[in-house]
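S.K.: Line by line, the protein sequences are chains Z and Y. Mapping of the first sequence onto numbering that gives the first Met the number 0: position 90 corresponds to residue 89, and the numbering continues sequentially without gaps. Mapping of the second sequence onto numbering that gives the first Met the number 0: position 111 corresponds to residue 110, and the numbering continues sequentially without gaps.
Hints are supplied without guarantee of correctness; some may be wrong.
Which copy is meant is left open, because identical chains are indistinguishable; a pair holds if it fits in one copy or across any two.
Distance condition first, Cα-Cα at most 16 Å in a straight line; then the derived EDC-like pairs of lysine to aspartate or glutamate [stated by the list, open to error]:
{"#": "1", "residue 1": "K351", "residue 2": "E46"}
{"#": "2", "residue 1": "K248", "residue 2": "E330"}
{"#": "3", "residue 1": "K49", "residue 2": "E177"}
{"#": "4", "residue 1": "K90", "residue 2": "E15"}
{"#": "5", "residue 1": "K362", "residue 2": "D21"}
{"#": "6", "residue 1": "K362", "residue 2": "D94"}
{"#": "7", "residue 1": "K17", "residue 2": "D94"}
{"#": "8", "residue 1": "K203", "residue 2": "E5"}
These are computed hints drawn from the structure, not numbers from a lab.
2 protein chains.
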Amino acid sequence: MNEIFELHKKGKISVENKINIDNSQTLAKVYTPGVAQVVKHINQNKESVKEYTIIGNTVGMFTDGTAVLGLGNMGPEAAMPVMEGKAMIYKSFADINAYPLLLNTTDVDRIVDAITVLSPSFSLIHLEDISAPNCFEIFDKLVNKVNIPVFHDDQFGTAIIVLAGLINAMKISNRKPETSSVVINGAGAAGLAIARLLYAYGFKQITLCDSKGIIHRNRTDLNRYKLEVLELTKNQDNAGNLADAVVGKDIFVGVSVGGALKPSMIETMNDEPIIFALANPDPEILPSDLPSTFNGIIATGRSDFPNQINNAIGYPGFVKAILENNIKNIELKHFIQAAKGIASVLSESELKKDYIIPDVFNKNVVPSILASFKK
Amino acid sequence: MNEIFELHKKGKISVENKINIDNSQTLAKVYTPGVAQVVKHINQNKESVKEYTIIGNTVGMFTDGTAVLGLGNMGPEAAMPVMEGKAMIYKSFADINAYPLLLNTTDVDRIVDAITVLSPSFSLIHLEDISAPNCFEIFDKLVNKVNIPVFHDDQFGTAIIVLAGLINAMKISNRKPETSSVVINGAGAAGLAIARLLYAYGFKQITLCDSKGIIHRNRTDLNRYKLEVLELTKNQDNAGNLADAVVGKDIFVGVSVGGALKPSMIETMNDEPIIFALANPDPEILPSDLPSTFNGIIATGRSDFPNQINNAIGYPGFVKAILENNIKNIELKHFIQAAKGIASVLSESELKKDYIIPDVFNKNVVPSILASFKK
Chain Z
0 MNEIFELHKK
10 GKISVENKIN
20 IDNSQTLAKV
30 YTPGVAQVVK
40 HINQNKESVK
50 EYTIIGNTVG
60 MFTDGTAVLG
70 LGNMGPEAAM
80 PVMEGKAMIY
90 KSFADINAYP
100 LLLNTTDVDR
110 IVDAITVLSP
120 SFSLIHLEDI
130 SAPNCFEIFD
140 KLVNKVNIPV
150 FHDDQFGTAI
160 IVLAGLINAM
170 KISNRKPETS
180 SVVINGAGAA
190 GLAIARLLYA
200 YGFKQITLCD
210 SKGIIHRNRT
220 DLNRYKLEVL
230 ELTKNQDNAG
240 NLADAVVGKD
250 IFVGVSVGGA
260 LKPSMIETMN
270 DEPIIFALAN
280 PDPEILPSDL
290 PSTFNGIIAT
300 GRSDFPNQIN
310 NAIGYPGFVK
320 AILENNIKNI
330 ELKHFIQAAK
340 GIASVLSESE
350 LKKDYIIPDV
360 FNKNVVPSIL
370 ASFKK
Chain Y
0 MNEIFELHKK
10 GKISVENKIN
20 IDNSQTLAKV
30 YTPGVAQVVK
40 HINQNKESVK
50 EYTIIGNTVG
60 MFTDGTAVLG
70 LGNMGPEAAM
80 PVMEGKAMIY
90 KSFADINAYP
100 LLLNTTDVDR
110 IVDAITVLSP
120 SFSLIHLEDI
130 SAPNCFEIFD
140 KLVNKVNIPV
150 FHDDQFGTAI
160 IVLAGLINAM
170 KISNRKPETS
180 SVVINGAGAA
190 GLAIARLLYA
200 YGFKQITLCD
210 SKGIIHRNRT
220 DLNRYKLEVL
230 ELTKNQDNAG
240 NLADAVVGKD
250 IFVGVSVGGA
260 LKPSMIETMN
270 DEPIIFALAN
280 PDPEILPSDL
290 PSTFNGIIAT
300 GRSDFPNQIN
310 NAIGYPGFVK
320 AILENNIKNI
330 ELKHFIQAAK
340 GIASVLSESE
350 LKKDYIIPDV
360 FNKNVVPSIL
370 ASFKK
């Protein structure tokens with residue numbers, strides 16, 4: 000068996016006791032009869048459940064397995080190794096308990112009701128690897144039903160890191176968001192969230208593309224989530240394909256499919272373009288395939304190239320900030336705070352075209368996000 | 000703050016990583032890109048999810064908080080310290096991961112659907128602290144909907160230990176089940192399960208009482224669960240109160256309320272009676288209140304008296320046996336196997352009137368239950 004399977008045997012996480020129960024005195028405190036004191040206290044002071052149980056520092060992670068990595072609909076069981084990996088990252092980087100839960104249905108209302116019924120068990124709901132547009136509908140319904148924050152990492156977890164990377168890339172190329180133009184290729188969970196977040200941050204020239212080309216007002220095949228973002232970005236009139244979209248633009252953000260961005264397209268962009276080719280494992284363009292004249296910045300989702308745009312940099316610290324600040328409704332401003340916190344880990348003197356984002360193991364990321372929430 | 004609250008701060012369990020992720024080589028194996036190999040493997044071999052994730056050794060524990068300890072309906076949040084305590088016992092005594100989940104509804108169908116939707120996350124569903132008769136309906140519906148075993152500790156977890164204790168108490172008093180008469184006081188989750196299990200084991204003379212007295216065929220206030228057990232035990236004709244019920248009987252099992260069994264009632268029972276006074280924290284009769292002529296055996300649910308009948312002795316090993324033997328449908332014979340396994344931990348020479356059941360910390364209990372499943 001190879002080492003990867005060996006490491007996965009019987010799972011990568013476990014539920015452990017914080018106190019040893021090897022004698023009856025301790026057992027009588029953590030279980031009956033002693034535990035009854037704590038039960039009665041919480042019954043009278045419901046909020047104290049966060050103080051005296053695991054709940055205050057615990058995230059429930061839910062997936063139906065319909066959009067696992069770049070592999071598509073693999074089913075809930077096959078999603079579990081990814082869920083455990085994300086739980087490990089929560090623990091290792093932010094000391095948060097995350098418990099992975101699999102949903103054996105793709106029915107939106109059953110998923111929403113199951114998570115709602117379970118919601119007292121957690122301080123935050125983390126949705127993961129649920130395909131669009133179901134993920135939007137589940138999110139919108141859940142937010143109205145549960146009393147705790149809801150976070151879909153594939154949407155805004157990705158958007159946070161993209162914005163963090165762009166903030167630093169724009170410092171290097173001396174750009175301002177108001178005067179920079181962006182093409183986002185891919186209008187699923189990540190693409191639509193990136194569009195919303197960049198708009199909220201100050202980017203006003205945003206062109207959104209999907210597999211059929213530019214999203215514009217005369218298309219009749221758009222779901223309501225794409226229409227909402229189209230309305231928001233007000234870029235409603237231009238038709239065309241991706242090659243048309245990128246002409247004269249400053250920034251390309253790809254969350255689509257490998258090879259979608261051709262070298263010839265990059266040559267039509269503005270000088271010193273910023274290319275975020277985030278399709279995984281095969282980016283929209285490989286760094287080795289860039290035009291020889293390329294003088295801009297490229298980032299991918301891969302660890303074997305510089306500038307890795309990796310959700311793992313963002314969600315542990317972001318969720319820790321939400322929990323520590325007792326935020327019930329997550330707003331766009333919170334994602335912006337997190338992105339600024341991540342970007343500011345690198346000082347201006349450290350920034351280079353191949354070093355725009357801190358490494359996933361950088362110990363300053365989580366404290367910097369937490370600090371940005373205090374401002 | 001007292002020590003009990005101190006021990007409960009931020010919870011008594013945590014989700015921990017089995018592998019350290021402090022370098023990119025390891026991260027690339029337990030998360031992307033390496034994890035994709037395991038995802039694809041499970042997608043093609045669904046059963047292997049038990050081999051390569053936490054699921055194979057994990058129990059989902061669910062409560063709505065309607066019957067917490069002897070305290071009644073405390074709500075789901077207040078049930079959490081007990082749930083964590085039970086999870087600790089799973090871990091410490093049987094090395095099983097148990098994750099506690101709270102249900103914010105008492106609606107049977109919503110509970111059943113939520114647990115069904117979540118069921119791929121676990122190898123066994125453990126229901127806990129759900130009041131009767133809802134617990135019966137939830138159990139019956141769940142068993143037909145999920146592909147994994149369902150266990151309600153307040154029913155058969157208790158029944159296993161009662162039977163284990165009775166097996167040994169009867170050895171001491173030289174009784175056989177077929178010729179011994181039993182009164183069970185309390186016809187909730189525990190009482191009805193005890194009646195079913197004792198009947199299956201060979202006790203045929205069983206009288207069941209609830210707060211209104213003997214359960215008999217002319218009563219019009221019986222729910223269908225009590226009626227089913229009445230039908231089973233065929234003891235349908237005698238009316239009367241608890242005092243009437245115990246006259247000339249061998250065994251009393253109380254899962255009712257403190258003080259229900261008077262010393263004068265015990266004096267009407269057969270010689271060397273067996274009294275299991277399991278109401279907690281106040282038993283049906285305190286050992287110190289027994290008649291001066293008492294020459295039988297008494298057991299309680301309390302750790303400060305001999306012969307503690309404690310679920311914690313049974314459920315960890317029982318559930319481990321179910322998981323290890325890959326049993327999908329739990330049957331009465333499995334509870335009997337577990338009870339025999341527990342009883343046989345004490346050799347005949349060790350047995351005494353005040354030592355009929357192994358201590359909760361006895362390391363031989365779990366192996367003995369596992370061995371009894373191999374027979």
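S.K.: Does the structure break any of the earlier hints, and which numbers would those be?
M.R.: As far as the earlier hints go, 1, 2, 3, 8 are violated by this structure, in ascending order.
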